[in-house]
Structure formats: structure tokens, C-alpha cells
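> For chain A, the structure is supplied; the task is to place chain B on it using the hints.
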Amino acid sequence: NAGVTQTPKFQVLKTGQSMTLQCAQDMNHEYMSWYRQDPGMGLRLIHYSVGAGITDQGEVPNGYNVSRSTTEDFPLRLLSAAPSQTSVYFCASSSTSGGYNEQFFGPGTRLTVL
Amino acid sequence: AQSVTQLGSHVSVSEGALVLLRCNYSSSVPPYLFWYVQYPNQGLQLLLKYTSAATLVKGINGFEAEFKKSETSFHLTKPSAHMSDAAEYFCAVANTGNQFYFGTGTSLTVIP
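Protein chains in written order, with the working numbering: chain A, 1 to 114; chain B, 1001 to 1112.
These aren't lab readings, by the way, just hints derived from the structure by calculation.
Among these hints, one or two may not hold up.
Computed cross-link-like contacts, SDA-like style, restricted to lysine to any residue with a CA-CA straight-line distance of at most 20 angstroms [stated by the list, open to error]: (1) LYS1049/B x VAL1013/B; (2) LYS1058/B x TYR100/A; (3) LYS9/A x LYS1049/B; (4) LYS9/A x PRO1040/B; (5) LYS1049/B x HIS29/A; (6) LYS9/A x GLN1042/B; (7) LYS9/A x GLY1043/B; (8) LYS1068/B x TYR100/A; (9) LYS1049/B x GLN1099/B; (10) LYS1049/B x ASN101/A; (11) LYS1058/B x LYS9/A.
If we strip away everything but chain A, and leave its shape as in the complex, we get (with noise of 0.2 angstroms):
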């Protein structure tokens, strides 16, 4: 299993451009979230999605947007970059309900706007 997949590892973007973050897992997990992380500020869940077709805003939705079309994948969209968004992102997975299971997480993807 290759677990949980990010792509890209680095992007540099322009302010206005869009760009999406890709995220994959393979143990065909139903919860999947995004999480950006900011020094001093620990990881604050952007979206998550509790399965196929569904998903909710977390702590810090504005300016992302996501998909859910298929278990293995939950894209993150920024429609249009402003340099607030700078900051590394994870993706995490983790089998459906309880809150007891532990999230997997993903390598991180290291996002500069300028």
C-alpha cells in the first residue's frame, strides 16, 4: 500500500492563479480531510469529506474548494491564490466513524504564493 499520496511536493504560484492539490489513498478509507499548517498555529482543517459525493467545511474553508467523486481522491482547488494561503497542506484519511481512528497522513505539499 502506498498509503496516502500528495501531489506536487513544492509549488510556487502567482497571486490570482489557481492550482490543485492532489490527494490520493489506497486502503479505501471513507473519512479523507485537508489540513493547512502555519508555524505557531499547529494544522487547521480546511474541508474534509466523510465520503463519496460528500463534504463539509472545517475551521478554515474560505478560498479552497474540493470534490469527492471517488473514494481514493479528494482534489483541494484554489480558485485564486493570495499569499495568506501560503502554508504546507496535508491530506489525511482514516476508516469511517467514531473519531477513534487514527488519520493517515500524507507527505505534505509546500505551497508558496507570491
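Only chain B this time, still in chain A's reference frame:
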């Protein structure tokens, strides 16, 4: 609503000394609690988790944590620090909807 507070953004210990990383949680229901470790330029890895079984939870690499309901704490300890323990550590609380709330992290430095 759930939240987590990690006291001390930076902790330094000598090699072989006790490691103590503090975590206090706020939860309106019995919580699920986790400790994750992040090595430089990597994702997070699970160290251990509490899911209402034994209050003393043992994890990987010699770490353990004790759930204390009366103190709303879930502190992480290791009897003897090793150089390879240098990393950032995150405490997290989860609700039954699988939403995780992370603390701001504690950076552990191990001094040789």
C-alpha cells in the same frame, strides 16, 4: 466543542532525561485523544491514542501518555530521551464525527 492546549511551544531536554510534553483538552463528551509526531519535512505519524480503554496508553518508541479526566490532561512522557526523539509533537482531540482538533505543537530538542 473540542479544543486542545499544548503548554510550551519549545521543550529542551538532555539525552537520557525524562521527556514530558503537556496537553490539556476541552471536550463536552468523552474524548478520543491522540499524540502525533512530525519529523522535519514529513507528515504526521501516530504515536499513541486513547479511546476510553486503559487510562495509561503505551505508544511507539517508548512513549506513553496518561488520560486524567479530573485534570482534563493527556500528557506525553518518555523515561529517557534519545537524540532521535527530536521532532515536533502534536496533541489532538477527535469527536465522533472524525473531526480532529490539533494543538499548536511542541518542538522537542534533545541536547547531547
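> Hint by hint, say whether it matches the structure.
So, going through the hints one by one against the coordinates:
1. LYS1049/B x VAL1013/B: violated, 24 angstroms
2. LYS1058/B x TYR100/A: Distance ~16 angstroms between LYS1058/B and TYR100/A Cα, so the pair holds.
3. LYS9/A x LYS1049/B: Violated, because 28 angstroms separates the two Cα atoms, which is more than 20 angstroms.
4. LYS9/A x PRO1040/B: holds, 14 angstroms
5. LYS1049/B x HIS29/A: Holds, at roughly 19 angstroms.
6. LYS9/A x GLN1042/B: Distance of about 11 angstroms is within 20 angstroms: holds.
7. LYS9/A x GLY1043/B: With Cα atoms ~12 angstroms apart, LYS9/A and GLY1043/B stay inside 20 angstroms; holds.
8. LYS1068/B x TYR100/A: holds, 18 angstroms
9. LYS1049/B x GLN1099/B: holds, 15 angstroms
10. LYS1049/B x ASN101/A: Judged against 20 angstroms, a Cα distance of about 9 angstroms means the pair holds.
11. LYS1058/B x LYS9/A: violated, 33 angstroms
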